[in-house]
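Asks: Chain by chain, the residues:
There are 2 protein chains.
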Amino acid sequence: MSHPASVADLGEFGLIRRLAGAVAVRTAPALAPGLKLGIGDDAAVWAPTPGAWSVITTDALVEDVHFRLGTTDWYDLGWKSLAVNLSDAAAMGAQPRYAVVSVGLAGDLPLEAVDAFYRGMADLAARHDTLLVGGDTVRAPCLAITVTVVGETRPAAPGEAPPLLRRAAGRPGDAVAVTGDLGASAGGLRLLEGARPPGGTAADHAALVAAHRRPSPRVAAAGVLLDAGVRCGMDLSDGLLSDAERLGEASAVGVVLEAARLPLAPALVATYGDAALALALAGGEDYELLCAGPADVLARARAALAARGGPPLTVVGRLVPLEPDAPRVRVVDAAGAPLVVEGGWSHFGGAE
Amino acid sequence: MSHPASVADLGEFGLIRRLAGAVAVRTAPALAPGLKLGIGDDAAVWAPTPGAWSVITTDALVEDVHFRLGTTDWYDLGWKSLAVNLSDAAAMGAQPRYAVVSVGLAGDLPLEAVDAFYRGMADLAARHDTLLVGGDTVRAPCLAITVTVVGETRPAAPGEAPPLLRRAAGRPGDAVAVTGDLGASAGGLRLLEGARPPGGTAADHAALVAAHRRPSPRVAAAGVLLDAGVRCGMDLSDGLLSDAERLGEASAVGVVLEAARLPLAPALVATYGDAALALALAGGEDYELLCAGPADVLARARAALAARGGPPLTVVGRLVPLEPDAPRVRVVDAAGAPLVVEGGWSHFGGAE
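Taken in sequence, the protein lines are chains A and B.
Oh and the first sequence: position 190 is 357 in my numbering, straight run, nothing missing.
Oh and the second sequence: position 316 is 483 in my numbering, straight run, nothing missing.
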């Protein structure tokens, strides 16, 4: 054929060659001193940094479960598929290094769609010094994308283990903080699903939609937190309430969140008013960092982030001893009285 | 609920806890001196072996494209999903170490099915000193499984790079060899799809079906090949003809295969007679190793495999200078005359 238009026209090996070429453009050797073999053999190969530990994380996005083609374009879909995984690496305090992607798609998909998808991935990868080193592209009756990211910790100091951000490292008395602001992605999704915005300007709405479509994983900020001495952290993917529950469970503590302290995205407040709080608590897909530590450590981290042009770090609550029969996570108002808010979402619709 | 029966009853986090528990049973510390964090945080963490390089590979299996639930059970599906990835790691000469799995499945899937799937993965993982360290389980309208395996090479000798099996390391004059025998998996698939076997006993048919359902990745054999000095190799997943094309392309050589030398699976010959050859050449999913090297190196490798109870290594052809206008891969009969055989399969149905 002279002019392939769809995935089927090109064939699997043709597609791999095309993508390897597209990705290679962005594979500057300076980015990857350790890469020994990229796309084209049975596996990619690299030399780990001496003294560093490796991390691995994987996440899948499925059409009509995690995204809709009516509300995203292919470039953004590629971006986001990688972003959620970079965010998980950052959530350990690790620098993501290498990514592989497996895509199941229909044979009649136009090649422009596939190209845009990989361009979105490659652009985000380049921003975070991460390389796409392989993958698998298969025909499938439903569109499903799985990305796996391998990263590495900072090298260990002599006689020590490399530093990590752990969910289990929280202690009663720790302050709880989040980077950036919350709820914009959930507000953007609501707009994309056709909800009529109760308020806000077109610029507000565009900001919310952008937050939903192109999240910025907090890779650099996670490193700053570690350097400041923070050791407890995770990323916010399922919503603050749901993720605080995970952190509290791993650390065997309770979590008290003060609603008045939550850094609500300004565009979210402008658009949704009083409903902004629930979106910030339960909306999900913020891809900010949730962390805990002594108040002075968090203050140092906040200053260090500010000095480097990083996101704000806002204390939103504290870890407390777990009391019998008390809920793991409590949301209180400015006077300390309990608020009741709907929980995070369940992937299977079951009880969480 | 008192007695969860389906994925939806349990919820995502319940499912993760259940699987983490099931996998932990098989996570003996002796298997994983380097593992620092398994399932339960944002990513798994391990300490790489000093001097070794890391490899990563990913492969997806999609229902009704790569498998049918009518012809496999869940245990075998778990086994095979991991096997195809361990085979890719072995194809580099690497020891697989860690695996993550992403599964998209229906919410009403019985938990017994999920349990059997992970049991199949875990049993195969344990055989090859590989650990399941994480994953993602999502609701999806079609059943899709993506496994990513990270492994490591042998540590490098001082001043040298670690040894690898490369597709690109073949040279004209090299002999070409395969481990084990060929075609059994393709023969088994034909039986599973309801084809009436022209011959063979029930035991023959069972052997073919078993080869299709539970392939044995050649992890240990790959190490023996490397130690014997073999440096060119890959695994056979798409069929000998198709994979020889890839190896020849990467090494910029032609490949001559001698049909009479192919190690046809005995049960395949018993069942399919004269049709066995085409299945061995083009059938795919053998998960044997295809390698190339000087004849004396391959002879040493064969003896070393035999001494360790490994699979046979059979010379099936040779690499030749690529001639203009000649096909990359030629199959010849015992007299050296060309044979014409149908090619491997295309994932998208396009021209390969």
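Treat each hint with caution, since some may be false.
One copy or two, it doesn't matter: identical chains are merged, so the pair holds either way.
Using 25 angstroms as the maximum straight-line C-alpha spacing, the simulated SDA-like pairs for lysine to any residue come out as follows [as the list claims (entries may be wrong)]:
#1 K203 - A214
#2 K203 - A293
#3 K203 - L431
#4 K203 - G181
#5 K203 - V482
#6 K203 - E327
#7 K203 - A219
#8 K203 - P322
#9 K203 - R321
#10 K203 - S173
#11 K203 - D290
#12 K203 - A395
#13 K203 - D394
#14 K203 - G366
#15 K203 - A335
#16 K203 - A336
#17 K203 - A280
#18 K203 - P433
#19 K203 - E412
#20 K203 - P505
#21 K203 - T304
#22 K203 - R294
#23 K203 - R286
#24 K203 - W241
#25 K203 - P308
#26 K203 - P217
#27 K203 - R398
#28 K203 - G476
#29 K203 - G326
These are computed hints drawn from the structure, not numbers from a lab.
Asks: Each hint needs a verdict: does it hold in this structure or not?
Replies: Structure-based check of each hint:
no.	hint	verdict
1	K203 - A214	both (7 angstroms within a copy, 19 angstroms between copies)
2	K203 - A293	within (18 angstroms within a copy, 28 angstroms between copies)
3	K203 - L431	neither (44 angstroms within a copy, 36 angstroms between copies)
4	K203 - G181	within (23 angstroms within a copy, 40 angstroms between copies)
5	K203 - V482	neither (43 angstroms within a copy, 30 angstroms between copies)
6	K203 - E327	between (28 angstroms within a copy, 13 angstroms between copies)
7	K203 - A219	both (18 angstroms within a copy, 12 angstroms between copies)
8	K203 - P322	both (20 angstroms within a copy, 15 angstroms between copies)
9	K203 - R321	both (21 angstroms within a copy, 15 angstroms between copies)
10	K203 - S173	neither (32 angstroms within a copy, 44 angstroms between copies)
11	K203 - D290	within (22 angstroms within a copy, 31 angstroms between copies)
12	K203 - A395	between (33 angstroms within a copy, 22 angstroms between copies)
13	K203 - D394	between (30 angstroms within a copy, 20 angstroms between copies)
14	K203 - G366	neither (53 angstroms within a copy, 49 angstroms between copies)
15	K203 - A335	between (35 angstroms within a copy, 13 angstroms between copies)
16	K203 - A336	between (35 angstroms within a copy, 14 angstroms between copies)
17	K203 - A280	neither (30 angstroms within a copy, 40 angstroms between copies)
18	K203 - P433	neither (45 angstroms within a copy, 40 angstroms between copies)
19	K203 - E412	between (41 angstroms within a copy, 23 angstroms between copies)
20	K203 - P505	neither (55 angstroms within a copy, 38 angstroms between copies)
21	K203 - T304	within (23 angstroms within a copy, 32 angstroms between copies)
22	K203 - R294	within (21 angstroms within a copy, 28 angstroms between copies)
23	K203 - R286	within (23 angstroms within a copy, 34 angstroms between copies)
24	K203 - W241	neither (30 angstroms within a copy, 37 angstroms between copies)
25	K203 - P308	neither (35 angstroms within a copy, 38 angstroms between copies)
26	K203 - P217	both (15 angstroms within a copy, 16 angstroms between copies)
27	K203 - R398	between (32 angstroms within a copy, 15 angstroms between copies)
28	K203 - G476	neither (34 angstroms within a copy, 32 angstroms between copies)
29	K203 - G326	between (29 angstroms within a copy, 16 angstroms between copies)
The structure is inconsistent with the numbered hints 3, 5, 10, 14, 17, 18, 20, 24, 25 and 28, although it conforms to all the rest.
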